[in-house]
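Q: Starting from the known structure of chain U, fit chains E, W, X, H and P onto it as the hints suggest.
Residue numbers (our numbering), protein chains in the order written: chain U, 5 to 127; chain E, 5 to 127; chain W, 922 to 1018; chain X, 922 to 1018; chain H, 199 to 317; chain P, 199 to 317.
For the record, the hints were derived by calculation from the structure and aren't laboratory data. A portion of the hints provided could be inaccurate.
Stated by the list, open to error - Here are the simulated DSBU-like pairs of lysine-lysine, each with C-alpha atoms no more than 35 Å apart in a straight line:
| hint | chain 1 | residue 1 | chain 2 | residue 2 |
| --- | --- | --- | --- | --- |
| 1 | U | K68 | H | K247 |
| 2 | U | K63 | H | K247 |
| 3 | U | K84 | U | K63 |
| 4 | H | K270 | E | K11 |
| 5 | P | K200 | P | K270 |
| 6 | H | K270 | E | K12 |
| 7 | E | K63 | P | K200 |
| 8 | U | K107 | U | K11 |
| 9 | U | K84 | P | K292 |
| 10 | E | K107 | H | K200 |
| 11 | U | K63 | H | K270 |
| 12 | H | K270 | U | K84 |
| 13 | P | K292 | E | K63 |
| 14 | P | K292 | H | K247 |
| 15 | H | K200 | U | K68 |
| 16 | P | K292 | E | K11 |
| 17 | P | K247 | H | K270 |
| 18 | U | K68 | U | K84 |
| 19 | P | K292 | P | K247 |
| 20 | E | K68 | H | K270 |
| 21 | E | K11 | P | K200 |
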Amino acid sequence: MSEGVTKKFLFVNRKAPYGSVYALEGLEVVLISAAFDQDVSLAFIDDGVYQLLRGQDTKAIGMKNFSPTYRALEGYDIEKLYAERESLEARGVAEGDLLVDVKVLGREEMAALMDEQDVVIGF
Amino acid sequence: MSEGVTKKFLFVNRKAPYGSVYALEGLEVVLISAAFDQDVSLAFIDDGVYQLLRGQDTKAIGMKNFSPTYRALEGYDIEKLYAERESLEARGVAEGDLLVDVKVLGREEMAALMDEQDVVIGF
Amino acid sequence: MLHIVNKSPHERSALADCLARARAGHAVLLIEDAVVAATRGSAATLAAAPAGVSLYVLSPDLQARGLAGQLAEGITAVDYRGFVDLVAAQPRVQSWL
Amino acid sequence: MLHIVNKSPHERSALADCLARARAGHAVLLIEDAVVAATRGSAATLAAAPAGVSLYVLSPDLQARGLAGQLAEGITAVDYRGFVDLVAAQPRVQSWL
Amino acid sequence: MKIGILVNEGPYQRQSSDSAWQFCQAAIAAGHEIQRVFFYHDGVNNATKLTDPPQDDRHIVNRWSALAQEHKVDLVVCVAAALRRGIVEENLAKGFRISGLGQLVESAIQADRLVVFGD
Amino acid sequence: MKIGILVNEGPYQRQSSDSAWQFCQAAIAAGHEIQRVFFYHDGVNNATKLTDPPQDDRHIVNRWSALAQEHKVDLVVCVAAALRRGIVEENLAKGFRISGLGQLVESAIQADRLVVFGD
Chain U
5 MSEGVTKKFL FVNRKAPYGS VYALEGLEVV LISAAFDQDV SLAFIDDGVY QLLRGQDTKA
65 IGMKNFSPTY RALEGYDIEK LYAERESLEA RGVAEGDLLV DVKVLGREEM AALMDEQDVV
125 IGF
Chain E
5 MSEGVTKKFL FVNRKAPYGS VYALEGLEVV LISAAFDQDV SLAFIDDGVY QLLRGQDTKA
65 IGMKNFSPTY RALEGYDIEK LYAERESLEA RGVAEGDLLV DVKVLGREEM AALMDEQDVV
125 IGF
Chain W
922 MLHIVNKSPH ERSALADCLA RARAGHAVLL IEDAVVAATR GSAATLAAAP AGVSLYVLSP
982 DLQARGLAGQ LAEGITAVDY RGFVDLVAAQ PRVQSWL
Chain X
922 MLHIVNKSPH ERSALADCLA RARAGHAVLL IEDAVVAATR GSAATLAAAP AGVSLYVLSP
982 DLQARGLAGQ LAEGITAVDY RGFVDLVAAQ PRVQSWL
Chain H
199 MKIGILVNEG PYQRQSSDSA WQFCQAAIAA GHEIQRVFFY HDGVNNATKL TDPPQDDRHI
259 VNRWSALAQE HKVDLVVCVA AALRRGIVEE NLAKGFRISG LGQLVESAIQ ADRLVVFGD
Chain P
199 MKIGILVNEG PYQRQSSDSA WQFCQAAIAA GHEIQRVFFY HDGVNNATKL TDPPQDDRHI
259 VNRWSALAQE HKVDLVVCVA AALRRGIVEE NLAKGFRISG LGQLVESAIQ ADRLVVFGD
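Isolated chain U (complex conformation):
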């Protein structure tokens, strides 16, 4: 769309879901970015790892459960999902608790990933 420019985009998710809209509206940007043929990655660090937990059930709070969308990302050719090991451990979250396949990176690898991007957008 933009004269064939391809940039490396990293969307950094640092917030728990539902308490604020950032996780949901951040995901909407990610989906749109798929239409632009960019090199898109998603990072889940700090409280952002809570977005990926299995078994989210929002019926009793009357909000929409958008967590299945993370599984749908593959269909949009968004396949580079990374979670930070230190963030998972600090919250007692195991890789098996996550609803989608992610690559788990140590903090130093995550910092290196951030450092090689053209655009970093945090939600």
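A: Chains E, W, X, H and P only, in chain U's frame:
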């Protein structure tokens, strides 16, 4: 105004000024409460102690400096201002840095003050 | 006093700030993003609660975040009706925003 | 990389979270309520900055809060023009919201 | 028991308004009276009738309006906060009224409890 | 240099919109181009023309409109976020236009830097 009921109101200020509107709009509630003949106290704890620093100069950010209003509270018969010693110390703020006279309470005394109120509103 | 906290203890100081002023006989209710503090994996902050303080978590918010099975010991899960009952049972409410 | 942080280190983990991922050659700019982290009385969080990271604070925000005289050592105060220059000098920007 | 409510944040961005509404529903079901809901700070943004969320999402503004209609709950929007944020009679949703901050202090005096929802 | 801006919070409640505007002014004064300002999340609330702050306070909405007029800065409001929050053509201030999220991605592609202001 309300059939002569007098309640003990405590307004708890926990946020730094200017980064959010809570300090300013909280002060607006305090001023209105003066018209209701209630027993009003203000507590400054955690980052709320930053609200009381002398020498605030907002020219370069284009926002209104509302800190002189704390000095005007006395004219509204709002005279019970308390700051928590532990909060001041953790931020390196001395009593002499404050723009208005406050009573400095230790954390345990502050907790006791909170515990004897009818209404506690935090900003 | 019923203390209400709605922020994750990993992101904000609100829960620690609240517990530092809570006293015996008080209740603390965790809602919204604060429910993560009630899980086994993130219970460190709540360990600072003074003796005699009762701890509650709002189960609809825990379920929404997929954490219903992770409830740490010593914390009582309540629904919105239980939230209302806590407000009625305690003489006043303080939200740690 | 220019890291931008706008939250008080007493209230939020944003600055600590940022410093944990900052690397040599990066710059960190404190704006809005984060400027309190640049003062002598609250400099503990910044002490964790890795070697080779440059530290900046937005002076208009420092002045607004009455903290212009409290700047800790090793932190450079800049105005909005300096903020713009930092954005231009670093290859990308990351805001720690 | 009479309960007053204070809502400090707008709809959708943060959960505060959702939590407050759920609390009101539960309180009424338990036989309590919601004496007033006062909307302050960004909370005034709950009162715009121009809101139009996706079909599969909750309609936060209409939900408040329905609460006012079904249970005669007094929904008050702070005039000073509303002017700062562009909420006026012109875009005010059904069941809300615009009034002064005194209504919040009065609510705290008249109600047995005041419960605050915000950020 | 071309700089894109993303604003995630509304006016008055948090400083984000103030900081973003000050940054834009300084960037233009330094000879850079503000390629676009995209308003997302509660940032869309910066675009309501119904805002009427106290006389002694800054008028955040008009300040953005003036930036658009004086420096031809493209102010884009996300349509999906705007519908959730009651920002529509009817109450849209001068200088803003409503469009899709693609405009944010495009801005990030076309600009040399993207600077985000939020909470």
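Q: Next pair to validate is K84 of chain U with K292 of chain P; report whether the Cα-Cα distance is within 35 Å.
A: violated, 40 Å
Q: With the threshold set at 35 Å, check whether the alpha-carbon distance from K84 of chain U to K63 of chain U stays at or below it.
A: Measuring from Cα to Cα gives roughly 30 Å; hence the hint holds.
Q: So if I understand the rule, the pair passes when the alpha-carbon distance is 35 Å or less; does K292 of chain P with K63 of chain E pass?
A: holds, 27 Å
Q: CA of K270 of chain H to CA of K12 of chain E, is that 35 Å or under?
A: Measuring from Cα to Cα gives roughly 29 Å; hence the hint holds.
Q: Within 35 Å, alpha carbon to alpha carbon, are K200 of chain P and K270 of chain P?
A: Distance of about 14 Å is within 35 Å: holds.
Q: Taken at face value, is the distance from the CA of K270 of chain H to the CA of K63 of chain U at most 35 Å?
A: The given pair, whose Cα atoms are some 26 Å apart, holds under the 35 Å limit.
Q: Given the proposed pairing of K292 of chain P with K11 of chain E, does the C-alpha separation stay at or below 35 Å?
A: violated, 47 Å
Q: Does K292 of chain P pair with K247 of chain P here, judged by a C-alpha cut-off of 35 Å?
A: Distance ~8 Å between K292 of chain P and K247 of chain P Cα, so the pair holds.
Q: Within a Cα-Cα threshold of 35 Å, do K11 of chain E and K200 of chain P meet the stated pairing?
A: violated, 57 Å
Q: Within 35 Å, alpha carbon to alpha carbon, are K292 of chain P and K247 of chain H?
A: holds, 21 Å
Q: For the pair we were handed, K200 of chain H and K68 of chain U, check the Cα-Cα distance against 35 Å.
A: holds, 31 Å
Q: K68 of chain U and K247 of chain H were given as a pair; does the straight-line alpha-carbon distance stay at or below 35 Å?
A: holds, 21 Å
Violated hints, listed in ascending order, are 9, 12, 16, 20 and 21; each of the other numbered hints is respected by the structure.
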